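J.: These protein sequence lines map, in sequence, to chains W and X. Per my numbering, numbering of the first sequence is gapless, rising by one per residue and ending at 376. Per my numbering, numbering of the second sequence is gapless, rising by one per residue and ending at 376.
Since the hints were derived computationally from the structure, they do not count as laboratory data. Owing to the predicted nature of the structure, the values given are computational and were not obtained by experimental measurement. A hint or two may mislead.
[What the hints assert, rightly or not] Simulated pairs of lysine to aspartate or glutamate, DMTMM-like, Cα-Cα distance not exceeding 25 Å:
1. X/K104 x W/D320
2. W/K95 x X/D294
3. W/K285 x X/D76
4. W/K4 x X/E338
5. W/K82 x X/E338
6. X/K271 x W/D83
7. X/K82 x W/D83
8. W/K12 x X/D294
9. W/K104 x X/D301
10. X/K4 x W/E265
[Said to hold, decoys possible] Just so you have them, the derived chain X footprint on chain W, three or more residues with Cβ under 8 Å:
11. 9-20
12. 46-57
13. 68-78
14. 264-275
15. 295-307
Quick reminder that beta carbons are idealized off the backbone N, C-alpha and C, glycines included.
Number of protein chains: 2
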Amino acid sequence: MEFKVNSKELEKLLGKIIPAVPTRTPMPILENFLFEVKDGLLTIYATDLEISLKSSLNIVTDENVKLVVPARLLNDIVRSLKDTTIHFKLTANKKINLTTDTGKYTIGYLDPEEFPEIPSIGTEGNTKDINEVVINGMELKEAFDKCSFAMSKEEMRPAMMGTLFEFGEEGLRFVATDGHRLVNICKKNIKPNFNQQYVVPERAVSVLSKVLDEKEVKMHLTKSYISFKLNDIELISRLIAQKYPDYASVIPLENEFLMKVNAKEIHESIKRMMLFSTSSTRRVKFSIKKETVDISAEDLDIGASGEEKVPCNYNGDDLDIGFNSAYVNDILNHISSEEEITFKLHSPTKAVIIEPVEKKENQDLLMLLMPVRLNT
Amino acid sequence: MEFKVNSKELEKLLGKIIPAVPTRTPMPILENFLFEVKDGLLTIYATDLEISLKSSLNIVTDENVKLVVPARLLNDIVRSLKDTTIHFKLTANKKINLTTDTGKYTIGYLDPEEFPEIPSIGTEGNTKDINEVVINGMELKEAFDKCSFAMSKEEMRPAMMGTLFEFGEEGLRFVATDGHRLVNICKKNIKPNFNQQYVVPERAVSVLSKVLDEKEVKMHLTKSYISFKLNDIELISRLIAQKYPDYASVIPLENEFLMKVNAKEIHESIKRMMLFSTSSTRRVKFSIKKETVDISAEDLDIGASGEEKVPCNYNGDDLDIGFNSAYVNDILNHISSEEEITFKLHSPTKAVIIEPVEKKENQDLLMLLMPVRLNT
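Okay, chain W solo, but in the shape it has when bound (with noise of 0.2 Å):
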């Protein structure tokens, strides 16, 4: 069994399967790729058991074969090497040979066997409780760069450790929250033929939004799994098996203060307030007056302080009100790039909603942020 291929084209193909091998793992067959060689077709897939990747090449071989073959250790070479052709051949005793120009290199591989099995979506015929939506990949990037940070890590609400994929009249509406804080973000030009809600977990993600650019995806639900095509990859993630919390109980609907402030002018000063915070609370005081709100911040532990106007334009009874200042600081990187927000507010001790005061076409944003007790 033999066949050759390019080594930059073999490059781009494992680089964009290598996101999906654990880096650390009980299971040590995960570190693995599997190779697929079928009527010239070399397809390379890789799982942590909750996602797994898939991307195919064209090979000129005649014989099909499938076996595993020790990631890391084959994406370094393949990366270090020049542009050149290799060529694979296995050889009797489980190791494969790779030969360039100027190297040889040998490799062992195993038995596909010990391989865990690559869930797929829609190729077993049955297709009728297969849900499909396309959405751009930029505007699905958007929506998880948006949304990402908010997911929690506590394993106590698994729910909550991935974002909340519904699908309804609205549109396709993303959710993640941890408690403290909550981002709604909802395209409104997808338009779905059905209602449901779907819980992708945090890897699936973050791995995708690192292969994501402006070609479409084709998303594929089943009830357990969800599955992204991009042009030539396929992302398939179990789904997290957990009623996501009813998030819209959760948005206060009558908060009426608004404070309009510029938003990289308030997150300049967050940034500050920061290294004033002690560390244990990281707690920041607004004081909301009808033209700045002063911002301040008091590190007990090593008796500094910090104390900023920004100038704002707020329309309610005189507030002060106290956050997280890493919390804010979160929300402030992901909607800064906004020239203007909006906080809205009612008391010391309701969320706060803040939005963008421009909104985009087809696209509701809604940051949620849980204030903190001052008086503690």
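Starting from the known structure of chain W, arrange chain X on it as the hints suggest.
T.: What follows is chain X alone, placed relative to chain W:
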């Protein structure tokens, strides 16, 4: 006591001094700057007891004062401010108020008595035991760049943890070695009027490397200290009070076999072979013949191996010799900007000399590498 300073000027100044502030220290006082205001000059010092940095800035004030301020906090605050005037004001309760147009920040300060004394050279009036040498900043930087990797990290032999500065008739020679490899670089355009060896600690070399530019550097040397005066910065370092090993006796003179190779080609090959060399020995084998050198490595743990042919021009008997691939890579990292290099060899057990084929004017550069046994 108060004074004003431009935020960007202060940012530049603090940025120059902060490299001397230790990141981890059992003496928290060293995590501070010493501020000295004297006759309209603000001088800022930092030290880790081994090296110290100082730099100054003119300010408008009538009073003189010395105080100790938290280095990283102040640096972070100043860096985060836009271009503005900072108004420093000392308050009664050991606080400094920093006021700008939009913000007010308070940090604590300490008395100057708690800060260790900063050594100085040549200011005590007695200058007869001080040697002075001037060198171009880029030449000094090049010497450091070429030899710093070879300094030892083992505390057994303190002298080898530094870089030797040897002043003599040939010029200024820099030597660094850890017993496995050695770099010897001589700047022949420096004409010192004295013969002397000094051992400069690693931290002085690494901190200085970051601030050197094409400007002149004035070095002052006493028995215990070396100072480097650049532009507006002065770095003073303790010298290592240990005799440097007799490096000259290690450099073989009768290595009569010369192998000329393209530096980049052999470097690329070594980088690939590092993927295959067993992690415990990291051994790579050179099989040198008239026109090619076969470079090979084998990882017995994972059953992988590699072998490449690199063209060379060799005038000796066929020779097999082993090296630590990481050490070869280190050397090539620091010499591969050269077009061609020469390996000077004698036998599989004798130190190998690696030199650029084209010598630079006014500079001798020699690297030395100890081989490792092949048959163990």
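J.: All hints, please: hold or fail.
T.: Status of the hints after comparison with the structure:
no. : hint            : result
1   : X/K104 x W/D320 : holds, 19 Å
2   : W/K95 x X/D294  : holds, 21 Å
3   : W/K285 x X/D76  : holds, 20 Å
4   : W/K4 x X/E338   : violated, 35 Å
5   : W/K82 x X/E338  : holds, 20 Å
6   : X/K271 x W/D83  : holds, 16 Å
7   : X/K82 x W/D83   : violated, 47 Å
8   : W/K12 x X/D294  : violated, 29 Å
9   : W/K104 x X/D301 : holds, 19 Å
10  : X/K4 x W/E265   : holds, 24 Å
11  : 9-20            : violated (count 0)
12  : 46-57           : violated (count 0)
13  : 68-78           : holds (count 4)
14  : 264-275         : holds (count 5)
15  : 295-307         : holds (count 6)
The earlier numbered hints that this structure contradicts are 4, 7, 8, 11, 12.
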